[in-house]
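Participant: Go ahead and model the full structure; you've got the sequences and the hints to work with.
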Amino acid sequence: MSVLFKYIVQITLACLVTFGVHIMILTFMDKPLFDNQIITAYVGNVALAIFIVIGLLKVPETLQNSRGFLFLFGSFLKFGFFFLAFYSNFKVDGAIQRTEFFAFFIPYAAALIMETKCLIDRLSK
Amino acid sequence: MSTKKNIYFCTKFRIVNRQVIMQFTRALFFLAVLVLIQPVFLTASGHAEHASDSTESTQVANQEPAQEGMSMKQEIKAHIQHHLQDGHDFHLYTDTETNTHVGFPLLVILLDDGIQVFSSSRFHHGESVAESNGNFYALHHGKVYKTDAAGTFEMHDGHVHNEKPLDFSITKNVFSIMAFALILILLFTGAARSYKKSLVPSGSARFLEPLIIFVRDEIAIPNIGEKHYKRFMSYLLTVFFFIWLVNLFGLTPLGINVTNSISVTFALAVMTFVITQFSGKKEYWKHIFWMPGVPVPMKILLAPIELLGVFIKPFALLIRLYANITAGHIVLMSLIGLMFIFHSWIGSTLSFGLSVFISFIELLVAALQAYIFTMLTALYFGSAVAEHEDH
Numbered sequence: 007m008s009v010l011f012k013y014i015v016q017i018t019l020a021c022l023v024t025f026g027v028h029i030m031i032l033t034f035m036d037k038p039l040f041d042n043q044i045i046t047a048y049v050g051n052v053a054l055a056i057f058i059v060i061g062l063l064k065v066p067e068t069l070q071n072s073r074g075f076l077f078l079f080g081s082f083l084k085f086g087f088f089f090l091a092f093y094s095n096f097k098v099d100g101a102i103q104r105t106e107f108f109a110f111f112i113p114y115a116a117a118l119i120m121e122t123k124c125l126i127d128r129l130s131k
Numbered sequence: 060m061s062t063k064k065n066i067y068f069c070t071k072f073r074i075v076n077r078q079v080i081m082q083f084t085r086a087l088f089f090l091a092v093l094v095l096i097q098p099v100f101l102t103a104s105g106h107a108e109h110a111s112d113s114t115e116s117t118q119v120a121n122q123e124p125a126q127e128g129m130s131m132k133q134e135i136k137a138h139i140q141h142h143l144q145d146g147h148d149f150h151l152y153t154d155t156e157t158n159t160h161v162g163f164p165l166l167v168i169l170l171d172d173g174i175q176v177f178s179s180s181r182f183h184h185g186e187s188v189a190e191s192n193g194n195f196y197a198l199h200h201g202k203v204y205k206t207d208a209a210g211t212f213e214m215h216d217g218h219v220h221n222e223k224p225l226d227f228s229i230t231k232n233v234f235s236i237m238a239f240a241l242i243l244i245l246l247f248t249g250a251a252r253s254y255k256k257s258l259v260p261s262g263s264a265r266f267l268e269p270l271i272i273f274v275r276d277e278i279a280i281p282n283i284g285e286k287h288y289k290r291f292m293s294y295l296l297t298v299f300f301f302i303w304l305v306n307l308f309g310l311t312p313l314g315i316n317v318t319n320s321i322s323v324t325f326a327l328a329v330m331t332f333v334i335t336q337f338s339g340k341k342e343y344w345k346h347i348f349w350m351p352g353v354p355v356p357m358k359i360l361l362a363p364i365e366l367l368g369v370f371i372k373p374f375a376l377l378i379r380l381y382a383n384i385t386a387g388h389i390v391l392m393s394l395i396g397l398m399f400i401f402h403s404w405i406g407s408t409l410s411f412g413l414s415v416f417i418s419f420i421e422l423l424v425a426a427l428q429a430y431i432f433t434m435l436t437a438l439y440f441g442s443a444v445a446e447h448e449d450h
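As you go down the protein sequences, you meet chains P and V in turn. Position 62 of the first sequence, counting from 1, maps to 68 under my numbering, and the rest follow consecutively. Position 141 of the second sequence, counting from 1, maps to 200 under my numbering, and the rest follow consecutively.
In short, the hints are calculated from the structure, not lab data. Errors might be hidden in some of the hints.
[As the list claims (entries may be wrong)] Listed below are the simulated DSBU-like cross-link pairs for lysine-lysine, each with C-alpha atoms no more than 35 Å apart in a straight line:
(1) V:LYS223 / V:LYS136
(2) V:LYS136 / P:LYS97
(3) P:LYS84 / P:LYS64
(4) V:LYS372 / V:LYS286
(5) P:LYS64 / V:LYS256
(6) V:LYS202 / P:LYS12
(7) V:LYS256 / V:LYS286
(8) P:LYS123 / V:LYS358
(9) P:LYS97 / V:LYS372
(10) V:LYS256 / P:LYS84
(11) V:LYS202 / P:LYS97
(12) P:LYS84 / V:LYS345
(13) V:LYS358 / V:LYS372
(14) V:LYS341 / P:LYS123
(15) P:LYS131 / V:LYS341
(16) V:LYS223 / V:LYS202
(17) V:LYS345 / V:LYS202
(18) P:LYS131 / P:LYS64
(19) V:LYS286 / V:LYS341
(20) P:LYS131 / V:LYS289
(21) V:LYS289 / V:LYS345
(22) P:LYS131 / V:LYS358
(23) P:LYS12 / V:LYS341
(24) V:LYS255 / V:LYS286
(25) V:LYS223 / P:LYS64
(26) V:LYS340 / P:LYS131
(27) P:LYS84 / V:LYS340
(28) P:LYS131 / V:LYS136
(29) V:LYS202 / P:LYS84
(30) V:LYS223 / V:LYS255
(31) P:LYS64 / V:LYS136
(32) V:LYS136 / P:LYS84
(33) V:LYS289 / V:LYS358
(34) P:LYS123 / V:LYS372
(35) V:LYS255 / P:LYS84
In this text, all values refer to a predicted model and were calculated from it rather than measured experimentally.
Facilitator: Given below as structure tokens:
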């Protein structure tokens with residue numbers, strides 16, 4: 007199994023488990039399950055995490071030292087993704103509700119942890 | 060033997076100096092970058108919108124309070140605030156009796172209905188409405204707003220709600236940055252040229268050489284290390300001389316206040332941030348994301364703290380410079396203002412003496428802030444390029 011495939015599987019699995027727990031909590035709290043663009047948030051964050059991991063693994067030899075910079079750049083991409091796809095919809099009623107915030111933040115955090123793991127593995131090699 | 064050795068050392072010393080100065084002159088583009096990006100931050104500092112629920116309309120002539128209607132304390136406060144602000148013209152002096160302003164106008168460049176370019180003299184120091192291609196603009200607290208022909212401001216809760224065009228004007232600060240860049244280019248190209256003629260410094264090089272050596276030997280080498288310091292010297296020298304020069308000119312009665320503008324210190328800090336992150340070696344990132352030599356739970360705890368530190372460091376850099384210079388100016392001008400409030404010869408003499416003393420302290424602060432900014436920048440660069448054997 008290639009290293010890249012291993013990370014893709016890990017990110018997808020981690021986000022799927024997180025999604026399951028997230029939906030379970032929403033069910034217990036009697037909240038709507040698939041509101042607040044939750045599917046877009048999970049799919050978008052997984053896709054961006056895979057994109058960043060590909061960047062970290064396939065970085066040219068001359069830029070090996072700049073992996074951390076690439077990681078930070080990836081975080082800026084995610085902020086861009088949030089502001090373009092979510093912020094305006096969340097702010098329609100004037101404020102970002104807690105469920106709206108967590109709909110984006112939980113998949114973001116899960117994907118970020120997996121990206122960080124990949125970065126640490128690369129840096130430790 | 061000893062003389063020969065000394066001559067060899069001096070020659071080598073001069074050659075290194077010349078290389079450093081040549082590097083510096085080549086790298087003055089940092090200042091050009093600063094000039095280019097500063098207006099963007101200026102415009103980003105506030106973008107007022109149209110307000111449908113405006114409750115009050117005032118006209119441009121009423122915006123600047125009449126000097127005669129103010130108390131002495133209010134007048135001093137207004138004067139300090141005016142001094143701290145960036146402006147669209149260089150205002151040196153106002154004759155309140157004849158209401159004439161002494162100074163010179165600058166170029167106003169607005170992105171509104173195409174590009175509007177006109178002289179700031181059309182504002183008559185904020186007392187008139189400027190017309191450009193059928194659009195009308197007026198100044199309110201040094202900012203340009205779009206108005207009608209009468210210069211009406213839509214006021215709501217004490218705030219102007221007129222449209223604010225994107226302002227890319229050559230303001231007092233932008234003009235000052237350009238002037239200082241030119242001064243630095245002239246000084247350093249002159250110094251570099253003098254080394255081509257002789258290894259003995261002459262002209263401006265006699266003054267600049269010890270300072271350059273100081274930045275190299277006391278700031279760059281101890282913080283970055285012998286191996287990597289050279290590639291950062293151009294930036295460190297630019298930052299040091301730029302901050303020092305603008306701080307010194309800030310103490311003159313010209314009303315130049317470049318490092319008192321948070322957009323300038325922000326631009327400088329962003330450049331330091333980008334260079335640091337881009338120069339970061341594997342070890343630097345490892346220290347952030349997986350701190351070596353500590354237990355795993357500690358590593359997990361330290362990672363977010365260290366990552367936050369990456370952004371806090373440049374933030375502290377920009378706030379420190381901005382706050383120190385602003386505070387210094389406020390203290391100094393308040394002490395000068397006290398001379399006019401005290402109506403006794405003891406009070407006025409004391410505040411005069413104190414303001415002279417603070418002025419000398421400010422001279423020290425001007426150099427100290429340039430030193431601190433450069434030193435911390437070098438420290439961040441050093442941590443970014445540090446290799447394992449350096450620990």
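Participant: Hint by hint, note whether the structure agrees.
Facilitator: For each hint, the structure was consulted:
{"no.": "1", "hint": "V:LYS223 / V:LYS136", "result": "26 Å, holds"}
{"no.": "2", "hint": "V:LYS136 / P:LYS97", "result": "40 Å, violated"}
{"no.": "3", "hint": "P:LYS84 / P:LYS64", "result": "20 Å, holds"}
{"no.": "4", "hint": "V:LYS372 / V:LYS286", "result": "24 Å, holds"}
{"no.": "5", "hint": "P:LYS64 / V:LYS256", "result": "51 Å, violated"}
{"no.": "6", "hint": "V:LYS202 / P:LYS12", "result": "56 Å, violated"}
{"no.": "7", "hint": "V:LYS256 / V:LYS286", "result": "30 Å, holds"}
{"no.": "8", "hint": "P:LYS123 / V:LYS358", "result": "12 Å, holds"}
{"no.": "9", "hint": "P:LYS97 / V:LYS372", "result": "31 Å, holds"}
{"no.": "10", "hint": "V:LYS256 / P:LYS84", "result": "55 Å, violated"}
{"no.": "11", "hint": "V:LYS202 / P:LYS97", "result": "29 Å, holds"}
{"no.": "12", "hint": "P:LYS84 / V:LYS345", "result": "22 Å, holds"}
{"no.": "13", "hint": "V:LYS358 / V:LYS372", "result": "20 Å, holds"}
{"no.": "14", "hint": "V:LYS341 / P:LYS123", "result": "15 Å, holds"}
{"no.": "15", "hint": "P:LYS131 / V:LYS341", "result": "10 Å, holds"}
{"no.": "16", "hint": "V:LYS223 / V:LYS202", "result": "8 Å, holds"}
{"no.": "17", "hint": "V:LYS345 / V:LYS202", "result": "46 Å, violated"}
{"no.": "18", "hint": "P:LYS131 / P:LYS64", "result": "15 Å, holds"}
{"no.": "19", "hint": "V:LYS286 / V:LYS341", "result": "16 Å, holds"}
{"no.": "20", "hint": "P:LYS131 / V:LYS289", "result": "29 Å, holds"}
{"no.": "21", "hint": "V:LYS289 / V:LYS345", "result": "24 Å, holds"}
{"no.": "22", "hint": "P:LYS131 / V:LYS358", "result": "17 Å, holds"}
{"no.": "23", "hint": "P:LYS12 / V:LYS341", "result": "23 Å, holds"}
{"no.": "24", "hint": "V:LYS255 / V:LYS286", "result": "26 Å, holds"}
{"no.": "25", "hint": "V:LYS223 / P:LYS64", "result": "46 Å, violated"}
{"no.": "26", "hint": "V:LYS340 / P:LYS131", "result": "14 Å, holds"}
{"no.": "27", "hint": "P:LYS84 / V:LYS340", "result": "24 Å, holds"}
{"no.": "28", "hint": "P:LYS131 / V:LYS136", "result": "61 Å, violated"}
{"no.": "29", "hint": "V:LYS202 / P:LYS84", "result": "34 Å, holds"}
{"no.": "30", "hint": "V:LYS223 / V:LYS255", "result": "51 Å, violated"}
{"no.": "31", "hint": "P:LYS64 / V:LYS136", "result": "59 Å, violated"}
{"no.": "32", "hint": "V:LYS136 / P:LYS84", "result": "45 Å, violated"}
{"no.": "33", "hint": "V:LYS289 / V:LYS358", "result": "33 Å, holds"}
{"no.": "34", "hint": "P:LYS123 / V:LYS372", "result": "25 Å, holds"}
{"no.": "35", "hint": "V:LYS255 / P:LYS84", "result": "52 Å, violated"}
Of the numbered hints stated above, those contradicted by the structure are hints 2, 5, 6, 10, 17, 25, 28, 30, 31, 32 and 35, listed in ascending order.
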